[in-house]
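Once you have looked at the hints, place chain B with the ligand on chain A.
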Amino acid sequence: MKILVTVKEVATVEDEFEIDGTEIAEQYLGADLNEWDDYAIEEAVQLQEDGIADEVVTVTIGPEDCEQTIRQALAKGADRAVRVWDDTLEDVDLLDVNAKTEILSAVIEEEDPDLVLSGVQAGDDSFAATGVSVAENIGFQWGAVVNHLEHDLDDGIASVRRELEGGVEELTDIELPAVLTIQTGINEPRYASLRGIRQAQQKPMDVKALADIGVDESTIETELELTDMYEPESESDVTTWEGSADETASELGDLLRDKGVAQ
Amino acid sequence: MTDVLAVADHRRGELRDVSYEIITAGRQLADETGGDLHLAVISGTVDEFAEKLNREGVDAIHTVSHGEEFNHDVYSQAITQLYDDLAPQFVVTPNSVNGLDYAPAVANELDLPIVTDTVDLETDGETLIATREMYGGKVETTNELEGDAIVTIRGAEWPAAEGTGDAAIEAFEADIDEDAVGSTVSGFEEVGGGDVDISEAELLVSIGRGIEEEENLDLIRDLADTLDATLSSSRPIVDNGWLPKNRQVGQSGKVVTPDVYIAIGISGAVQHVAGMKGSDTIVAINTDPNAPIMDIADYAIVDDLFDVVPELIEEFEG
Ligand SMILES: Cc1cc2nc3c(=O)[nH]c(=O)nc-3n(C[C@H](O)[C@H](O)[C@H](O)COP(=O)(O)OP(=O)(O)OC[C@H]3O[C@@H](n4cnc5c(N)ncnc54)[C@H](O)[C@@H]3O)c2cc1C
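Just so you know, the protein sequences line up as chains A and B, in that order.
Just so you know, we're using full-length UniProt numbering here: the first sequence kicks off at 1 and counts up by one.
Just so you know, we're using full-length UniProt numbering here: the second sequence kicks off at 1 and counts up by one.
Calculated directly from the structure, the hints in this document are not laboratory data.
For glycine and all other residues, C-beta sits at the position ideal for the given N, C-alpha and C.
You may find that some hints are simply not true.
As the list claims (entries may be wrong) - In silico DSBU-like pairs for lysine-lysine, Cα to Cα no more than 35 Å straight-line:
(1) Lys-277(B) x Lys-254(B)
(2) Lys-2(A) x Lys-245(B)
(3) Lys-259(A) x Lys-254(B)
(4) Lys-277(B) x Lys-259(A)
To be verified - Counterexamples of contact, computed for chain A against chain B with all Cβ distances above 12 Å:
(5) Arg-71
(6) Arg-80
(7) Leu-153
(8) Asp-216
Claimed, not checked - Covered by chain B, per the in silico footprint, the following chain A stretches (three or more residues, Cβ under 8 Å):
(9) 172 to 178
(10) 219 to 228
So that you can see chain A by itself, here it is in the shape it has in the complex (with noise of 0.2 Å):
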């Protein structure tokens, strides 16, 4: 079978950041493989490995400038990658769901996996909602954090845990094809290694405007605009000890004692 995995490059902040506009300012920013999509993939290898999945793709939207996070995917394991950019995606603030569905539906439907995973949301805007649109969309089945699949998907059923809130799990079938969206905890992403990143670079990466992949500009206007970005305003009273490590401490301790928790 065939699994497609979407992955996206997500931006990270520093501790200290200044706000342009309704961006965070360039110098501020780091990019990274989004936590979750990095579980999707170490799941889609290992299924590979166990001989369940013949093949394993990559599907991202993002500029040029990501394709060294899709190369850490394909050093992971992934035999290709797709890449969807186009100049109409470089001034839209905020990809809200519904473009992101068009689009990635539009390489669901070429692809024609039996599988997608896709991280449970993503690092940055966390809207944790594309995975379960994309499979409205395209007439997958689906189930949204998932913590745990059984690697045989007899029948063409992937049985699966989903993590619901206070430590309770639900054990759900799903029928296949379908998407779902992986929890972190889920396995042990693997870090490359060198021979995975020195094959990575002869992987085949696929790069793709909108009209190759049937997808109209006007069907990806982003409906959601982002407004403003402010830094939240704090409600917190906190106490800020001051001093060296030693002193801090020291005022912690007082606390504890205090507080009649420790001696």
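Below, chain B with the ligand without anything else, positioned relative to chain A:
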């Protein structure tokens, strides 16, 4: 004048708290649009649920009796049909794990924009202004959209609705296409039992990703031993397999209410805070003065944990 449809959440026979919060959020939007607040409660003992949900501000409750537990296909179909019937401007659902398992599908099916995990909502009847966080709570954003939309609300952001309402309770005959139901729930399991119950502890020393390496965990174990405290953690520590699941504090872990909670190298993501905000006194040790944990901490040490923790151990040993 446009209406609002809000959807209740329940699990294993119990309504979840957010079901009452969603009434408050929905009522506020309905007041702003000048419309009615409709509530949907789907599957389970719907009549019993409807009675409990009949609080101040609800105009109508639509019960959809179908199966016991949550099934996203049943929810999607029922909500889509209710939407067609009631033509509300906004559909409001919880940003719960189950909410996120059907709301995006409903949005796609109805061709509506979706905005998730909102912490504030405002409308003039046309434009919706939704406030939400990005980058793990480091920034807040406002987002605008026109026309109809589906929004999911973060738990514990709106107060729970109270009082007794006089809503019309009506059974909604949803036409559920069983062939379109592609998943089956076969059971539930509680996880995270084991040696210690962190929810009973008076003093919790809780460690997060700031610890960096598994070997460094020994330092925190030393601290917990020295203080005779219980060791707990944020999720990444458990995901890495460094501590068992029963030590995880948060939305998908345990809710704790110690006298003192020491959060060491923990940023304070909303899902973590959900599990520890009820602690009596919260102390944060973090290098980042702007980490979201500072918003709920009572005391903070803005410093490297590798400098502070050894000093603290010494303080109690020596
Ligand atoms: C559906 C869902 C459910 C979730 N459930 C939970 C849950 O139950 N519990 C939970 O915890 N999370 C949960 N999460 C994950 C949550 O979103 C965060 O990813 C997680 O809480 C982050 O953990 P952290 O604070 O340890 O790590 P980070 O966010 O990486 O923060 C590390 C912190 O350490 C600080 N730091 C780094 N180095 C040092 C140093 N040397 N000294 C002092 N400070 C330092 C940094 O400044 C930073 O603030 C859930 C997520 C989802 C999507």
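Here's how the hints hold up against the structure:
1. Lys-277(B) x Lys-254(B): Satisfied, since the Cα-Cα distance of roughly 12 Å is no more than 35 Å.
2. Lys-2(A) x Lys-245(B): The hint holds at about 32 Å.
3. Lys-259(A) x Lys-254(B): Cα-Cα ~23 Å, so holds.
4. Lys-277(B) x Lys-259(A): Roughly 18 Å separates the two Cα atoms, so the pair holds.
5. Arg-71: holds (24 Å)
6. Arg-80: Arg-80(A) clear of chain B: closest Cβ-Cβ about 28 Å, beyond 12 Å.
7. Leu-153: holds (14 Å)
8. Asp-216: Check passes; 15 Å lies beyond 12 Å.
9. 172 to 178: With 5 residues closer than 8 Å to chain B, the segment 172 to 178 of chain A meets the three-residue bar; holds.
10. 219 to 228: holds (count 6)
Violated hints for the displayed structure: none, as all numbered hints are satisfied.
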